[in-house]
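Chains as they are written, first to last, in my numbering: chain A, 15 to 110; chain B, 260 to 1241.
For the record, the hints were derived by calculation from the structure and aren't laboratory data. These numbers were taken from a predicted model, which means no experiment stands behind them. Possibly wrong hints are sitting among the right ones.
Unchecked claim - One-sided and incomplete, this derived list gives chain A residues near chain B with beta-carbon spacing under 8 angstroms:
#, residue
1, I16
2, Y32
3, D37
4, L38
5, S50
6, I94
7, N95
8, S103
9, R104
10, I106
11, R108
12, G109
13, K110
Think of the CB as a built atom: it goes at the ideal place given N, C-alpha and C, for glycine as much as any other residue.
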Amino acid sequence: MIINHPLLGPRDSEEFVYLGAADLINRPNNWEQDASAEDFYQYQYIRENIAGDHRELWYHEQGDQSWLVVTRNTLSHEIINVELAQDVSRGIGRGK
Amino acid sequence: MSQMNRIKGGLVNQKKSISFTFNGQILTGFEGDTLASALLANNKKLVGRSFKYHRPRGIVTAGSEEPNAIMEIGNGAYKEPNTKATITQLYNGLEANSQNHRGPLGFDLMAITDFLSPLLGAGFYYKTFMWPKAFWEKFYEPAIRNAAGLGTLSTEADPDTYDKGFRYCDILIIGAGATGLSAAITAASSGAKVILADEDFLMGGRLNTESIKIDGGSGSKWAKDTVAALSTMENVTLMSDTTIFGVYDHGIYGAIENRSSEAREDKDKPRQVNWRIYAKRSILCAGAIERSIAFGNNDRPGIMLASAVRSYANRFAVATGDKVSVYTNNDDGWTTARDLVLKNVRVVAVIDSRSISPVLRVPGAEIFMGTDVVDTKGRRALKSIKLSNGKTIDTDCLAVSGGWNPNLHLTCHHRGIPKWNGEIASFIPDKANPPGMTVAGRAKGTMVLSDAIIEGHNEGASVASDLGYKVKKSDPSETPSVSYSVTANWGVPSGKNRAWVDLQNDVTAKDIKLANQEGFKSVEHVKRYTTLGMATDQGKTANVLGIGIMADNMGQTMEETGTTIFRPPYSPVAIGAFAGRRRGMEFYPTRYTPSHKWSVEQNAIFVEVGMWYRSQWFPLPGETHWRESVDREVKQTRASVGICDVTTLGKIDIKGSDVSEFLNKVYVNAFAKVPVGKTRYGLMLREDGMVMDDGTTARLSENHFVMTTTTANAVNVYRHLQFCHQCLWPDLDVHMISVTEQFAQYAVAGPNSRKLLQKVIDSDCDISNEAFPYMAAGEITVCGGIPARLFRISFSGELAYEIAVQTRYGDSLMRVLMEAGEEFNVVPYGTEALGVMRIEKGHAAGPELNGQTSAYDLGMGGMVSGKKDFIGYKLGLREDLLRDDRMQMVGFKPVNTQDLLQAGSHLLNLRDKPSTETDQGWISSCIYSPILGHYIGIGFIKSGHSRKGEFVRAVDLVRGNDIEVEICSPHFVDPEGERLRV
């Protein structure tokens, strides 16, 4: 596969390491509440097994060490979108 | 007589003889021959035995679709089984042996299976060998495996070299026949970067085998001239003898280039190159493959595909028989008859199953229209055929054409499903090709050459212009239009005789019928039940014929029956080609430590640790056992001073104003208030609460930290930190870089370590116990101004330091330290002594950090902060992770100090028998302690922390050891840590 890195352009997927669903960005912040045990359980273990467009985390280990959010169709392997994970994280309010 | 079947002409160099052997007999062929054409020239009709029934078999095709002529090439370690003679370029000294027979090829002892064939139909082994059940593994299966099967392996390591390569282009053209060449020359004239690949060593495809004219000259000359023109263009890469075997995602193609001839002359040159081609677009011009017709005994040596008979006559100048007959259901079969007559080869009969007027005039041949071949005779070579009209014809070669199948394999690698085309009676590619791929010529179902040339021309132009290149207007080459008409003929009733569909797997029309009758309706199920279309040829000549027979059996259309799924590789690829150069020591890069050269001079023994090569121990003259060296290294270090290269520990340089806040989130213990000039031990968890890694982090200045990780986890920890920063806390002011290889780092351990370092460190740097206490860290200079970093940390449990310099000074620093240490009797120590001292000290390492242990299990629960969020905090509090009866890490020592204790031993209560139910835990790390004079171990046992002083058994059933051990603290040496602080 070829991943179109937002900073470096098209790169072979061999340069990357795959982690999993981009939901892993959404780590719960409510660690002080008892109820957060369930949230952390959901965060750590529960995944939607999507047949279609899937947002997932790839790490450009043999490159610039960016974490990327890649939207890939799990049926056709078509890559629809590639973003810097840092931007996605800020976008959902994880920045300062 | 030498080459008795050789005729005049052809594209072989009849002036250049090549000598080779077949089953030990020395034969000659010509330059340009394949092994198959040379065998046929020498009248070798019987070339192998079939897979299941050991039927005598001959060459059927002239290409990679060959089902029969598969051989063992070479000998010893170089032997390669299942090689297709039809694509093996002949070379001097080639050694070929037929396979799959016991005894000589002409009298195979296993041929008895042919007479047992009524018992051996489809699925026979599922039915016949069911009882008694225990016989399957011990008797039936080995017997069947011995009797059936293809060639044999050398069982030696492959001595050949393989390589990998990468190429990039705008347009990849697959197949250099008329269509491909036409597409290539048009596309290339636009300036687009073109790669043209063809599996044959001679480009031109079927133009090299046909007598048709293009632009007034011969087809093969046109191909040669076009290839010559392409080879002068800088934007064109020609890859002959290269098979595109797979279409992968996003325009990536797998290609295997055969370079055997080059490799034979120079052993260091690769035999095959596995190319990865990145192409913006591709045009598949893979042509078509002829299929047979299923009639009684249609597998005898001498029965070949009509196109192959024509190839051998036209390209290789070989007459495949003295009295050739042709059996066809389409116009193209007649071309074979005509070409043979032009070559003065006698054609005795043309049999056409269609009731139409003869297509061509064939002088000297009897013509039978609306007639079929129903049976044949001749066990080791064809002697005669019997027709449906009752007539028998003496013939030694029957050229069969059942029509042509577009070679659409690669269009299906992304799950494309071919569709049926009644006009050409075959499947053609559907529109849903892999993205970026288009198809032209006969691969697309355009069966008429003149149309295919135009199609290639237009497709080359249109793809180039799609990519933004300006295509000069030009006309496609011209050739007479020859029509192609076909009427499907899957086979004729064969009575008691078997009609073969898949020659490589010995699948007959009856087998397919039986499978259908037994309820196998899906083409995929029939394939698996009968083995139709499996093995090295993947049914290239058999599949469509089999599907046709199935459709007839079940009274359904070809479309309803459908094809099996096509998957890479298109033709077999050697495993070695996927490995490339990554074998043995080159499996991954070898990383040497900065002290490597010095260590080699000391005759150190080395060991692979992760990606590194480290010194394991340093034997002295006279030491005969590794333990002697290791015990000495430990004792000398603990008594005075020792030096160990610890460069391999991961080092991460971290800068920024929020680093302490960041470290607080990734370590279980508090890092918010580490003072400048101090080092702190840190424990890192995964989010699920299990220990991921440990190490120390030093604060060199307000905003500058250096973290160390274990050797094994250096990459993972860095990746994890980048994830935490970029994904979870993107706005923290933190900047990281791995500096593992940028700094050489040595542990200097032992009571005299300070004295030794004081000789090396510049005098303005005070490292006295007061100025530089336990866990201090700082930037210093050594040897008169060379910058270095010093950390007062200890893995051995002694007064110890780790000193780091830039890697380029690493070798010198090792020599300087050893020289300065002479007066203290300094000793270098390797990974074994390092391990002994860490176990004596009770430090957890790799065997303990196995991904299933929590901080509490390791006895480090006290470090875990309850006042902050950190990775692993919440899930680490799960009930089951806090239970008292978990496997907890403790120390173990033998009750009888003479006993041998071994890592991997299981722990049992004294009176229990070894079983999964009674298992109490295991010893994870174990060594002989030269300080204590007996074996000690650390390991995990249920509720270990509260069982100290208890006695249990350490049982090793594999190595036959069963001893009594005492549970104790894992801190065997200096449990109070007094030595660290002196």
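Taking each numbered hint in turn, which are not upheld by the structure, reported in ascending numerical order?
Numbers 2, 3, 6, 7 and 10 - these are the hints that the structure violates, sorted from lowest upward.
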